[in-house]
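Please construct the entire structure, taking both the sequences and the accompanying hints into account.
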Amino acid sequence: MRILPLITLVLTCTLAAAPTAYAQDRAVAAPDAPAREADAPEAPEAPEASEVEAPPLFHAAVLLGDTHHADLNGLTLGGDLEVRLTSAVGIGVTGEHVNEPFRENIWVFPVIVHPKAGLKLTIGAGFEREHPEGADHHVEQHGLLRLGAGYDIPLPHGWTLGPDLAVDFVAGQHVVVWAAAVGKEFGPRHGHRPASSRH
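This note's numbering numbers the first residue of the sequence shown as 4 and each following residue consecutively.
Using C-beta positions, here's what the derived DEER-type ranges look like:
#	residue 1	residue 2	range
1	73	156	29 to 35 Å
2	135	156	36 to 42 Å
3	59	143	36 to 42 Å
4	78	142	16 to 22 Å
When the alpha-carbon atoms are kept at most 20 Å apart in a straight line, the in silico SDA-like pairs for lysine to any residue are as follows:
#	residue 1	residue 2
5	187	163
6	119	86
7	187	117
8	119	88
9	187	161
10	187	94
11	187	157
12	187	88
13	187	122
14	187	82
15	187	154
16	119	165
17	187	152
18	187	162
19	187	67
20	119	157
21	187	165
22	119	168
23	187	159
24	187	114
25	187	168
26	119	61
27	119	154
28	119	89
29	119	163
30	187	124
31	119	91
32	187	166
Derived by calculation from the structure, the hints in this document are not laboratory data. Values in this document were obtained by computation on a predicted structure and should not be read as measured data. C-beta atoms are modelled at their ideal positions from N, C-alpha and C, and glycine is treated no differently.
Laid out in structure tokens, this is it:
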């Protein structure tokens, strides 16, 4: 009858020692874990946001809008081309024809700043050539300063759509020009260099 207490004592000691042995096994196995992690191949780094979102080098657009001065309004047709110098700054050229009653052709050479994606702020100098009615009237030309802003909404395949607003300071007066612009981005992305074909 003394066997039962002996079995009970052995089982009790075994159960008491089990957690200690388990902890020792874990302590021995733990140093191997970093080694296995070190052996695992590193995941490739994701490209930086600036590389992914770099804009194309060129952006061209056609403009349809209105030129307003005093109580007069004239249908305005035009186009512009921008070349990016950096991802945030570009230079461009804008040409517009203003219909009756103004009868003007306008050329502006702006600097375009992009403080955030889509938004653009412009400042540029240029000139207007006015063609008065009648053969006896000479063409008049005036220098101008233009301040403007716009927003290009991105569309599929590099197309853009958005509003443009500008104020021209010319001959001591100011003229407001607004337009809807449909544009297209094209060319290599700024800062991207194609891989060399030589091996």
